[in-house]
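Asker: Protein chains in written order, with the working numbering: chain A, 1 to 171; chain B, 1 to 591.
Please note: incorrect hints may appear among the correct ones.
[Unchecked claim] Derived pair list, reagent style SDA-like, types lysine to any residue, alpha-carbon separation capped at 20 Å:
no. : chain 1 : residue 1 : chain 2 : residue 2
1   : B       : K134      : A       : A19
2   : B       : K186      : A       : R75
3   : B       : K134      : A       : V17
4   : B       : K186      : A       : E133
5   : B       : K186      : A       : V17
6   : B       : K186      : A       : A44
7   : B       : K134      : B       : E9
8   : A       : K119      : A       : E133
[To be verified] Only part of the chain A face toward chain B is listed, based on derived beta-carbon distances under 7 Å:
no. : residue
9   : M1
10  : A8
11  : D12
12  : L24
13  : G55
14  : T57
15  : Q58
16  : A61
17  : L66
18  : R69
19  : P72
20  : H74
[Said to hold, decoys possible] Computed Cβ-Cβ distance ranges for the label pairs, DEER-style:
no. : chain 1 : residue 1 : chain 2 : residue 2 : range
21  : B       : V591      : A       : D43       : 20 to 28 Å
22  : A       : V92       : B       : N299      : 42 to 50 Å
23  : B       : L342      : A       : S26       : 41 to 49 Å
Keep in mind that the hints were calculated from the coordinates and are not lab data.
Glycine is no exception: its CB is placed at the ideal position from the N, C-alpha and C atoms.
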Amino acid sequence: MSETRTFAVLVDNEPGVLARVIGLFSGRGYNIESLTVTEVDDDANLSRITIVTDGTTQVLAQIRNLLERLVPVHRVEDLTAAAEGRNMEPPVQRELALVKVVGAGDKRVEALRIADIFKAEVVDTGLGHFVFEIKGRKSQIDRFITLMMPLGLTEICRSGVIAVSRGDQAL
Amino acid sequence: MSDIKTGAETLITALVEQGVEVIFGYPGGAVLPIYDALFQQNSIRHILVRHEQAAVHAAEGYARSTGKVGCVLVTSGPGATNAVTGLTDALMDSIPIVCLTGQVPTHLIGQDAFQEADTTGITRACTKHNYLVKQVNDVSGVVHEAFLVAATGRPGPVVIDLPKDVLMNKTDVYKKKSDVRRPSYKPRMKGDLAQIEKAVEALSQAKRPIIYAGGGVINAGPAASQLLVEFTRMTGVPITNTLMGLGAYPASDRQFVGMLGMHGTYEANLAMYNCDVMLNIGARFDDRITGKIDEFSPNSTKIHVDIDPSSINKNVLVDLPIVGDAAHVLEDMIRLWRSKALNLDAGALKGWWEQIEQWRGVDCLGFSQAKGEVEIRPQHALKRLHELTKHRDDVLISTEVGQHQMWAAQYIGFEKPNRWMTSGGLGTMGYGFPAAIGMQIGNPGACCIDVAGEASILMNIQELSTAVQYRLPVKIMIINNQWMGMVRQWQELLHGGRYAESYTDSLPDFVKLAESFGAKGIRATKESELDSAIQEMLDSDVMTIFDCCVTKDENCFPMIPSGKPHYDMLLPGASQEKVAAAIQGEGLALV
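Same shape as in the complex, but just chain B (with noise of 0.2 Å):
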């Protein structure tokens, strides 16, 4: 009579025989049970964070950063309804999370018992797929399917909904996860191989053609942005990433445009507006690229491969959908322009390449920070960063939401996929710290760098306390300028400099705030302190607040302003009246 387990004990054979190491959680009166079976083990991990919130965007930050599949705990009612930001967050970016919730007891549910709330209610809109658990001999089975869910085709966040007496119950049913099976979901991997062939001679017939690859390539795993890179060699063709897809490529290629979208590259958008086919992997047309739709890109044949059908014909009307997972779609892909020696016109590729480093040398990122200049310019500041950790291979990024995140999609280069961890789909400012503790987590040695504002880093300030608990050597470096900088510029271009609450008064002392917590703190306000204070952060050993104080009134560009089409971005010093004209009509009423 060994196996029979309670609820708990059966959850947590489950989490072992998926591979759970580490869970992000946060106790109370519905999950004591499973706290408890945690407490009683080894296999597994708990961080305790100080905030639900938090906990989701540490396992984003974990499973964006390893590849495998992010696991909270939280309780019930509070517990569930804070983390429903991360939730959504994970179903945006498309994360695979699986967080379990707490629940009154079965016959306390629909009673307003203490701490109840309708999770699967709440939730189903902000994850892709939940359960609640109303049997214990279910459990086993709903934590394999959960995780099945989660982590195939467009992976997404999943809840398990857990009633009290559920977890309490005993029961000597197991399901492995070989026994797990779901007839219903099938994910489609293999992209139609008509479909793919007519897209690779779609593309050998180009003249003009750019590949703009998203997070679709992150998330089917590094081989695929190594298919891409070979895919992409082979055929000449230039290349751009969403912000989803920064490290798909290698950013210091000459063969990669950059970023593009609103706060995209000159020669990217470009490109992207003048090409005449355009192989879209693993992106959906956001709006923050495409700008105005009826004028994006008006003359490409578009080719779209999306692991999720309904990403394709969503916002732009393609002409070559393939749906199927981007590693398997770019396997087909090179082997078809291998074995029908397949190549572009030489010289027509010859001409693109001439127009496209014409707009390269605009140099729309180019800014002054004008020697012996005092302050220190943001642009500048990241640019150091980049200068400063560019020959390791040991350093990950996550960022807040703003200009600061902007900046450092734009200065920093990233060589390789799973890198880069920033909220993209959300804009989830609070997100950075959380997600590099839960980067720092499942990369003990890396060096986890979270570029924050001033702003968004008080939105989840209080992990300081997890890092600290943890000794996680996790890096804060805060772009202050004092004001939530893209409201500010959004306020300037848009509502005629009239500053509505975008100044934050009473700033903590962050250097004093970090020592406060047992972490350390380290400021620069001038340029010449800036190289040191970065490196003293980099070699920090310890959870390290740099505080890097720059200009207060700088705006992000290039920027298409919202509403326009790619021709029309302003570039770095444009002038105030082009400024002030950018944004009218339509474009106002757009976020």
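Bound conformation, chain A alone (with noise of 0.2 Å):
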């Protein structure tokens, strides 16, 4: 049985090591939803790398073993699957993501009207477009891009998933 789940990877910031992750999935045929990285600390020269991932227990395992394994790879946490062990919620999660809306009328209107609900900002308008910046969970940003569909929405870029762990347990 397939499940999803949110790795936090801690990782030397240096050339190749995204190239070493994404290769890790890509050659055994593992399927990445999201991932996103930037250097956290610029000190001790780390970057976070979150990975949204599916797949079964035993490839999960095989997953955070390989990430593991990698030379430049400080620290591999499985953020759902410890949450579970705390019996605490999923860990925090949230997107952001810029959407581009182009119409007139009503159903100008109407994209500001649910972007009000949604509360997604006005970063760019015109008297024919909006783009709209909306940050929340995945499945908020999935339910506001199905409703901006038949909106004119022309445009969308999403900047992946991060996550921190709740409580006052730290990476």
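Given two chains presented individually in distinct reference frames, assemble the corresponding complex, making use of the accompanying hints.
Answerer: Here it is in structure tokens:
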């Protein structure tokens, strides 16, 4: 049975490290649903990678072990499993999206109304378009996009998921 | 200011500090500064191979027979791409290699410069780790880290890509071996004690136990093999070795039930199928071992000791995983077994051994070299090689890949580790001869024999020139049946005897071929000539090819046909119908 998990991976920020992580997935046919990476500690030269992936229990354990095996990888945490282990809610997960909607008349008014409900911000506009910025859980963004589809949605850019565990324990 | 050095000189200093005595390599434009620095020193010997693939295999043979890290030096572009097969081979078999590759100068990287290849990109998937050095100040630190990564944990190949300007620039920065830290790299050596305790207790409760030991024991050093022997003897448990693990336990010992797997013994495979507790030390449940995975040892509690957590629960789900080095874990097991005064149920163990002896009685490695038969059976040739060398302690064997490899594994007994070098994971034809060159360089007085097939040997035959140049008395024993024997066997079993492209026409005269390189050539075509030809090969103190012409259509048995479980083995003399019906359905698609 397949399940979805969110991994947090702390790595040395050096050339090739992302290629190693991606190669590990592509070379074995594992799926990446979402991947984000940015430096998080300038002094220690560390980057944090967040990967959302799905697979069987066995595959997910393999992914974790294979990530840990990479030389520049400091820590791998399966945030989903860790939360389950501590009887907590799933980790805090957020995604940012920029959504361009082109249109006029009623559709334009409706787009603005929906954006208001979702607390999406207008970050660029002209007489015939909006660019909305929306942040939230992946499912919220999915719903926002579905609703904007018939209202003139022309372009989507999503940041991918970032996540931290709940509670006072840190990675 | 005397400690200002070029990148190339710094590199050599670091290699010397790492204890490198030999580099196997081939020069070219991008690595000329390294060759210049090598020329001006006497600490490191360079062995000039004739193809970069052979440089890596030679370094593998050197590493596997000495326990040291093998070192390779090749140029950019084609030098690096030619090394890829060797690197993949070393990755699959966990052999510690540091491969230095030249690169075009940093300002030309990405310009499609002459002899440029994206070496770190190409080798990312076939190395344990790799580096592109962009600053001359980083050279020494990277070298020391590369050796650390290659040799520790689960060993493997590491590539250091060195742009030409980095090699020529000057620096006064030198990091010593002891100054190098890599906090993110932390292989686990000690196994979890609570788990080890559970493991020995589970083993002591067993009625039908087996130990299944692999290459991880060899990689953990000769001490690990001694500990394996000690633990196996104190428990009285039967033991089987994988192809990679041969020599970890003495083959002549009564408790040894032979190699397991596709061409393993009947007794080893049936013991695996019927056991109630399996202790796997340093093996990885390879598909060549398990056969049909859902019928693999269905009723056993499985304990798996491996230094690489990603090997655990990869192919087979186990009950008791232990992450750690084989030697450390075995040491703990022995200590706990003693302190807890554990014992197996003597009656049950006796019954289990009686069962195993019955399976042994099948004589699955039997073959018929009839008295007076003129032709040489390949199994007989290898059995004779074993008989004529078993009294010696200085015999190192490598192989190419195919039927001859399996026959060598079946008929040559290894009493100690590091005596058997074969391409187990990748199955690289052309591996054995350059590996034997590396073995001979690392063990100058030893008797180094490459058991070859006539097809495999042609894949790196150019290395005759290397062996002759360095006056290496390497022996090649070609089991010559004029067929790519294993391909032919599978075509017979799987493809209705349609022998597509598996016969080699226009083979060279191997005796004359040897002589043309300044080596010695011997041939035997009759059984009556076999022993004296083998002896002549063994006695030769120069590079020697023994062309051993054998019967042409011999199949390698026993065999678990692909997709079949352990109990469904084809034994020698299996009927034509049984052979014909052996592989059907899903098995057809397996390799």
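Asker: Indicate, hint by hint, whether the structure satisfies it.
Answerer: Checked hints:
no. : hint                        : verdict
1   : K134/B to A19/A             : holds (18 Å)
2   : K186/B to R75/A             : holds (11 Å)
3   : K134/B to V17/A             : holds (16 Å)
4   : K186/B to E133/A            : violated (42 Å)
5   : K186/B to V17/A             : holds (17 Å)
6   : K186/B to A44/A             : holds (18 Å)
7   : K134/B to E9/B              : holds (16 Å)
8   : K119/A to E133/A            : holds (9 Å)
9   : M1                          : violated (15 Å)
10  : A8                          : violated (15 Å)
11  : D12                         : holds (6 Å)
12  : L24                         : violated (9 Å)
13  : G55                         : violated (13 Å)
14  : T57                         : violated (9 Å)
15  : Q58                         : holds (6 Å)
16  : A61                         : holds (6 Å)
17  : L66                         : holds (5 Å)
18  : R69                         : holds (6 Å)
19  : P72                         : holds (6 Å)
20  : H74                         : holds (4 Å)
21  : V591/B to D43/A: 20 to 28 Å : violated (50 Å)
22  : V92/A to N299/B: 42 to 50 Å : holds (46 Å)
23  : L342/B to S26/A: 41 to 49 Å : holds (47 Å)
Comparing the model with each numbered hint stated earlier shows that hints 4, 9, 10, 12, 13, 14, 21 do not hold.
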